[in-house]
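Chains as they are written, first to last, in the working numbering: chain A, 12 to 337; chain B, 11 to 336; chain C, 182 to 477.
Simulated from the structure, these hints should not be mistaken for laboratory data. In this text, a Cβ means the ideal position worked out from N, Cα and C, and glycines have one as well. A couple of the hints might just be wrong.
Below, a sample of chain B positions facing chain A; criterion: calculated Cβ distance under 8 angstroms [stated by the list, open to error]: (1) Arg99; (2) Ser104; (3) Thr112; (4) Leu280.
Once the Cα atoms are required to be at most 20 angstroms apart in a straight line, the calculated EDC-like pairs of lysine to aspartate or glutamate come out as [to be verified]: (5) B/Lys93 with A/Glu226; (6) B/Lys129 with A/Glu226; (7) B/Lys311 with A/Asp304; (8) B/Lys91 with A/Asp209; (9) A/Lys228 with B/Asp28; (10) B/Lys205 with A/Asp140; (11) B/Lys71 with A/Asp304; (12) A/Lys228 with B/Glu92; (13) A/Lys225 with B/Glu160; (14) C/Lys353 with A/Glu226; (15) C/Lys206 with B/Glu92; (16) A/Lys225 with B/Glu92; (17) A/Lys236 with B/Asp94; (18) A/Lys228 with B/Asp94; (19) A/Lys225 with B/Asp122; (20) A/Lys134 with B/Asp28; (21) B/Lys149 with A/Glu226; (22) B/Lys101 with A/Glu226; (23) A/Lys148 with C/Asp314; (24) A/Lys236 with B/Asp122; (25) A/Lys134 with B/Glu92; (26) B/Lys97 with A/Asp304; (27) A/Lys18 with C/Asp314.
Some, not all, of what chain B presents toward chain A, calculated at C-beta under 7 angstroms [to be verified]: (28) Trp81; (29) Arg96; (30) Val127.
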Amino acid sequence: MLKFVIKRIIMVPFLLLAIAALIFFLLNLSEADPVLMMMPAEYTQEDYDAMAERFGLDKPLPEQFVNWVVDAVQLDFGTSYKSKAPVADEILFRVPISLQLAVVTTVIMIVVGVPLGVMCAVKQYSVFDQIVNVLSKFLAAIPGFWLGLMLILVFSVKLRWLPSHGMETWKSWVLPVFTFLLPYLGNYVRQVRSAMLDCIRQDYVRTSRAKGKKEWKVVFIDTLKNALLPIITLTGGTFATMIGGAVMIEQVFAFPGIGLKVLEGINNRDMPVILACSIILAIFTIGAQLIIDILYGFIDPRVRSTFVSGKKKNKVAKPAAEGGVQ
Amino acid sequence: MGENLLEIKDYCVTYTVDKINSYAVNHINLSLGKGETLGLVGETGAGKTTTALSIMGLLPKYGVKTSGEIWFDGQQLTGMKEKDYRKIRGKRISMIFQDPMTALNPVFRVGDQIADVIKIHNPKLSHGEVGEKVDEIMKMVGIPPERKVEYPHQFSGGMRQRIVIAIAIACNPDLLLADEPTTALDVTIQAQVIKMMKNLQKELNSSVILITHDLGIVANFCDKVAIMYGGEIVESGTLEDIFDKSLPHHPYTIGLFDSLPNITEKTDRLKPIKGLTPHPSELPDGCKFHPRCPQCMDKCKSGDNPELYIDGTHCIQCHLYSKGDK
Amino acid sequence: MSKEKSIKKQYKKRGQMAETWSRLKQQPLAVVSLIVVAFVLFLAIFADLLVPYSAAITQNGMEKLLPPFSPGHLLGTDNFGRDILARIIHGARTAMEIGLISAGLSIVVSTILACLCATVGGWLDNIIMRIVDVISCIPQLVLALAICSALGNGIPQLVFALFFTGIPMHTKMVRSVSLTVANMDYVESARALGGKKGYIIYRHIVPNLASVIIINGTAQVSMNIMMGATLGFVGLGVKAPTPEWGTMLSEGMNYMLRNQHMVIIPGLVLAIVALFINSLGDCLRDAMDPQLKGRA
Numbered sequence: 012m013l014k015f016v017i018k019r020i021i022m023v024p025f026l027l028l029a030i031a032a033l034i035f036f037l038l039n040l041s042e043a044d045p046v047l048m049m050m051p052a053e054y055t056q057e058d059y060d061a062m063a064e065r066f067g068l069d070k071p072l073p074e075q076f077v078n079w080v081v082d083a084v085q086l087d088f089g090t091s092y093k094s095k096a097p098v099a100d101e102i103l104f105r106v107p108i109s110l111q112l113a114v115v116t117t118v119i120m121i122v123v124g125v126p127l128g129v130m131c132a133v134k135q136y137s138v139f140d141q142i143v144n145v146l147s148k149f150l151a152a153i154p155g156f157w158l159g160l161m162l163i164l165v166f167s168v169k170l171r172w173l174p175s176h177g178m179e180t181w182k183s184w185v186l187p188v189f190t191f192l193l194p195y196l197g198n199y200v201r202q203v204r205s206a207m208l209d210c211i212r213q214d215y216v217r218t219s220r221a222k223g224k225k226e227w228k229v230v231f232i233d234t235l236k237n238a239l240l241p242i243i244t245l246t247g248g249t250f251a252t253m254i255g256g257a258v259m260i261e262q263v264f265a266f267p268g269i270g271l272k273v274l275e276g277i278n279n280r281d282m283p284v285i286l287a288c289s290i291i292l293a294i295f296t297i298g299a300q301l302i303i304d305i306l307y308g309f310i311d312p313r314v315r316s317t318f319v320s321g322k323k324k325n326k327v328a329k330p331a332a333e334g335g336v337q
Numbered sequence: 011m012g013e014n015l016l017e018i019k020d021y022c023v024t025y026t027v028d029k030i031n032s033y034a035v036n037h038i039n040l041s042l043g044k045g046e047t048l049g050l051v052g053e054t055g056a057g058k059t060t061t062a063l064s065i066m067g068l069l070p071k072y073g074v075k076t077s078g079e080i081w082f083d084g085q086q087l088t089g090m091k092e093k094d095y096r097k098i099r100g101k102r103i104s105m106i107f108q109d110p111m112t113a114l115n116p117v118f119r120v121g122d123q124i125a126d127v128i129k130i131h132n133p134k135l136s137h138g139e140v141g142e143k144v145d146e147i148m149k150m151v152g153i154p155p156e157r158k159v160e161y162p163h164q165f166s167g168g169m170r171q172r173i174v175i176a177i178a179i180a181c182n183p184d185l186l187l188a189d190e191p192t193t194a195l196d197v198t199i200q201a202q203v204i205k206m207m208k209n210l211q212k213e214l215n216s217s218v219i220l221i222t223h224d225l226g227i228v229a230n231f232c233d234k235v236a237i238m239y240g241g242e243i244v245e246s247g248t249l250e251d252i253f254d255k256s257l258p259h260h261p262y263t264i265g266l267f268d269s270l271p272n273i274t275e276k277t278d279r280l281k282p283i284k285g286l287t288p289h290p291s292e293l294p295d296g297c298k299f300h301p302r303c304p305q306c307m308d309k310c311k312s313g314d315n316p317e318l319y320i321d322g323t324h325c326i327q328c329h330l331y332s333k334g335d336k
Numbered sequence: 182m183s184k185e186k187s188i189k190k191q192y193k194k195r196g197q198m199a200e201t202w203s204r205l206k207q208q209p210l211a212v213v214s215l216i217v218v219a220f221v222l223f224l225a226i227f228a229d230l231l232v233p234y235s236a237a238i239t240q241n242g243m244e245k246l247l248p249p250f251s252p253g254h255l256l257g258t259d260n261f262g263r264d265i266l267a268r269i270i271h272g273a274r275t276a277m278e279i280g281l282i283s284a285g286l287s288i289v290v291s292t293i294l295a296c297l298c299a300t301v302g303g304w305l306d307n308i309i310m311r312i313v314d315v316i317s318c319i320p321q322l323v324l325a326l327a328i329c330s331a332l333g334n335g336i337p338q339l340v341f342a343l344f345f346t347g348i349p350m351h352t353k354m355v356r357s358v359s360l361t362v363a364n365m366d367y368v369e370s371a372r373a374l375g376g377k378k379g380y381i382i383y384r385h386i387v388p389n390l391a392s393v394i395i396i397n398g399t400a401q402v403s404m405n406i407m408m409g410a411t412l413g414f415v416g417l418g419v420k421a422p423t424p425e426w427g428t429m430l431s432e433g434m435n436y437m438l439r440n441q442h443m444v445i446i447p448g449l450v451l452a453i454v455a456l457f458i459n460s461l462g463d464c465l466r467d468a469m470d471p472q473l474k475g476r477a
């Protein structure tokens with residue numbers, strides 16, 4: 012298991028390098044000359060050359076990329092074209108803000124979504140199940156940013172209960188979190204439900220019932236532990252999608268996270284900013300994936316034993332084989 | 011024997027799926043004394059498992075209709091409150107399931123799965139006492155107690171079935187329902203498991219209902235036999251009543267025996283019963299067996315079930331032996 | 182002989198599509214969704230006949246920000262005095278173009294890639310899957326934003342961005358389905374019976390893939406419409422006067438306090454279209470794979 016995790020961790024830098032390369036060359040497909048964009052209305056060729064040299068834009072693309080990578084390893088993400096300030100200073104303080112938003116939302120999603128999905132599976136085809144099903148289809152179809160606008164309209168403009176932007180008090184977190192949560196919650200509940208349904212019809216659930224176990228224990232301990240694997244996978248998947256979705260939420264609520272910065276960078280064609288933000292968002296995604304893999308090993312003994320070191324594996328397998336022919 | 015341990019009176023189960031009714035069990039009567047073993051024989055779809063699940067009170071909650079009564083040790087099980095039923099399940103009546111590969115929960119240690127049923131019914135036992143009991147039971151079913159920390163996937167099929175049996179006998183039940191306990195196992199393992207069950211039954215003095223389609227196992231294990239076809243018990247009696255070829259038999263029973271290879275006669279071909287088992291949703295009128303019966307008469311094709319021919323302990327449901335003809 | 186014939190007739194194989202269609206017709210929700218989707222498609226195709234394009238882009242200073250149900254403007258007008266109904270109808274055309282073309286392209290390309298992975302395997306499989314892994318580590322929206330900002334505004338650029346970001350997920354899915362099917366017992370038995378490779382692919386793998394492709398394709402269309410609107414909302418995507426729901430929303434945001442209809446209407450239309458395409462996809466899945474019914 013440990014071996015497997017280490018293998019995954021070793022892969023991460025290569026993955027990040029590939030991602031950086033992809034974004035870097037994609038952004039350079041643009042015909043617009045970044046140096047030109049930074050110049051005042053009137054300039055001389057010397058000014059132009061000086062500017063190009065200052066940002067390292069006079070070198071060929073591959074060299075630019077290598078330079079960027081060498082700096083990035085030292086946490087220097089270059090200088091913003093727009094503000095002329097180091098990108099790292101502008102971005103790193105935003106990381107916890109975005110992370111907080113995504114984590115808070117994910118936690119609420121798990122706390123609300125898992126019990127709801129389990130209830131739906133237990134009471135399959137009941138009125139409750141059908142209401143949740145219809146509601147979640149509606150939620151999944153609503154564009155997140157529009158939902159945000161509507162919530163602002165109702166709760167900030169009409170009712171004046173909650174602030175529409177900023178992040179001063181806990182109140183300003185309510186709307187962004189809800190806007191973030193609701194469109195994903197629908198699908199999440201439906202997928203938890205279907206993961207539970209897969210398990211609840213298994214024979215071992217019947218065995219648990221035959222022991223005389225209380226029904227809630229049968230459902231929430233014996234069955235849910237089996238359904239946890241797919242649920243973890245889909246929680247991680249949803250988290251990864253949410254990281255992308257955060258861009259819109261931060262835009263609507265003027266929430267000073269990474270997402271807002273990446274949009275700002277895109278509007279200004281500020282390549283160092285876009286590149287740095289993309290890498291950070293990719294790290295979130297990869298990190299979530301890594302956590303899923305580790306959790307998998309903790310929960311499923313079958314996965315765990317697949318990745319134990321060779322010596323231990325034999326020890327376990329041997330008596331089993333003997334037992335069979337006994 | 012005096013009072014019977016289990017008494018089933020005129021019991022019916024109907025499943026309804028997508029508005030189609032399946033008559034799984036139709037008006038069966040069964041009784042079983044203390045310490046007796048009953049073999050319930052029949053083809054797939056004859057309603058054997060449904061009967062067993064009815065006794066356990068584990069039929070699915072939706073789309074099922076039942077009528078008739080089941081009495082266990084002076085208590086009526088049908089219509090019993092779930093809370094009271096749970097005290098009987100696993101403690102006084104327990105069940106061994108058909109497929110050991112799926113009947114155990116893959117994410118819990120086998121020792122914990124055995125300990126579970128002990129803890130549920132003896133909540134006052136300390137952790138250590140439960141552990142001792144688990145060891146004791148594992149020894150009884152022939153598994154070294156050290157292996158209780160392993161997970162189901164580390165065991166072979168035969169070993170898993172022993173664990174399933176261990177779970178079933180953990181609380182010394184008065185009635186043990188064994189639903190084709192050997193079908194999923196290799197022949198050599200089958201013999202072991204049956205031998206072990208026989209010894210355990212003697213030791214614990216439990217009553218057993220053994221569900222199977224293997225007449226050999228029945229001859230080896232049971233005192234009484236009931237033959238099921240199309241959700242009905244078409245013939246029942248003591249082991250001698252059924253296996254004595256000189257006595258009258260239901261044509262289906264004759265067909266069952268004829269389809270077995272006989273070691274004393276040399277035959278080129280086995281004699282199968284013609285046709286297929288009817289699906290419980292399309293049971294024929296009259297005698298359920300008449301479309302496949304070699305001795306079918308006009309009166310078999312319609313009307314109610316044939317009367318019972320009763321000769322001491324031996325009952326046959328067939329027009330061939332009804333009083334009118336005799 | 183005649184009996185044999187009648188049995189043959191009775192069991193005459195109906196095509197997979199005919200089978201699906203007959204099951205689909207029985208679901209009321211499926212019929213409703215189909216009608217709604219067909220209606221939107223009708224609007225998209227015959228937009229010019231219903232309302233001239235000029236009505237959607239002509240600015241009229243006299244009739245700015247009229248509320249819905251104004252005479253001559255059923256859904257009111259926007260801040261430039263353009264008729265919102267006309268913009269919604271022509272926006273349907275934009276949305277359908279973007280959604281259908283980008284989803285269609287990414288499904289065709291990724292299916293080909295996935296089939297290459299599954300059949301050739303080895304190094305090719307490895308390379309394609311590693312690239313797919315890399316792309317899927319970047320949040321889809323961020324990647325689409327980056328592509329759009331590099332390529333500039335316009336429908337073809339937008340379609341390319343959505344096409345490119347749609348590839349990884351679909352490639353993974355189709356590849357895993359075809360590998361799973363190829364290892365199924367019934368394929369094994371077909372091979373044991375002497376079935377040729379082409380026969381097995383046609384008879385077993387294609388029908389299994391077809392349902393995955395159609396179901397995912399439907400989901401992809403609604404996702405891409407939504408994503409297109411999202412990009413439009415942040416000012417990337419289509420060029421300025423082109424009527425597009427997301428752009429309409431972002432224009433409406435500035436007038437949100439007084440004239441809510443400018444934000445409510447396009448968002449509602451977008452949600453309804455997405456809802457019915459999604460539910461059509463769900464019904465299709467139920468109809469194609471009755472075993473899965475009532476699950477997800």
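The hints, checked one at a time:
1. Arg99: Cβ of B/Arg99 sits 4 angstroms from chain A, so the hint holds.
2. Ser104: Where the cut-off is 8 angstroms and the nearest Cβ of chain A is about 6 angstroms from B/Ser104, the hint holds.
3. Thr112: OK, holds: B/Thr112 within 8 angstroms of chain A, min 4 angstroms.
4. Leu280: violated, 31 angstroms
5. B/Lys93 with A/Glu226: holds, 10 angstroms
6. B/Lys129 with A/Glu226: holds, 16 angstroms
7. B/Lys311 with A/Asp304: violated, 63 angstroms
8. B/Lys91 with A/Asp209: Given pair B/Lys91, A/Asp209 is violated - Cα atoms ~28 angstroms apart, limit 20 angstroms.
9. A/Lys228 with B/Asp28: violated, 30 angstroms
10. B/Lys205 with A/Asp140: violated, 48 angstroms
11. B/Lys71 with A/Asp304: Violated - the C-alpha atoms of A/Asp304 and B/Lys71 are around 37 angstroms apart, more than 20 angstroms.
12. A/Lys228 with B/Glu92: Holds, at roughly 14 angstroms.
13. A/Lys225 with B/Glu160: violated, 25 angstroms
14. C/Lys353 with A/Glu226: Distance ~38 angstroms between C/Lys353 and A/Glu226 Cα, so the pair is violated.
15. C/Lys206 with B/Glu92: Distance ~42 angstroms between C/Lys206 and B/Glu92 Cα, so the pair is violated.
16. A/Lys225 with B/Glu92: holds, 9 angstroms
17. A/Lys236 with B/Asp94: Since the Cα atoms of A/Lys236 and B/Asp94 sit roughly 27 angstroms apart, the hinted pair is violated (cutoff 20 angstroms).
18. A/Lys228 with B/Asp94: Distance of about 17 angstroms is within 20 angstroms: holds.
19. A/Lys225 with B/Asp122: holds, 16 angstroms
20. A/Lys134 with B/Asp28: holds, 17 angstroms
21. B/Lys149 with A/Glu226: Violated: B/Lys149 and A/Glu226 sit about 30 angstroms apart, past 20 angstroms.
22. B/Lys101 with A/Glu226: holds, 16 angstroms
23. A/Lys148 with C/Asp314: violated, 29 angstroms
24. A/Lys236 with B/Asp122: holds, 14 angstroms
25. A/Lys134 with B/Glu92: holds, 17 angstroms
26. B/Lys97 with A/Asp304: violated, 40 angstroms
27. A/Lys18 with C/Asp314: Since the Cα atoms of A/Lys18 and C/Asp314 sit roughly 16 angstroms apart, the hinted pair holds (cutoff 20 angstroms).
28. Trp81: At 19 angstroms from the nearest chain A Cβ, B/Trp81 fails the 7 angstroms test, so the hint is violated.
29. Arg96: Given a least distance of 4 angstroms, the restraint on B/Arg96 holds.
30. Val127: holds, 4 angstroms
Violated hints, listed in ascending order, are 4, 7, 8, 9, 10, 11, 13, 14, 15, 17, 21, 23, 26, 28; each of the other numbered hints is respected by the structure.
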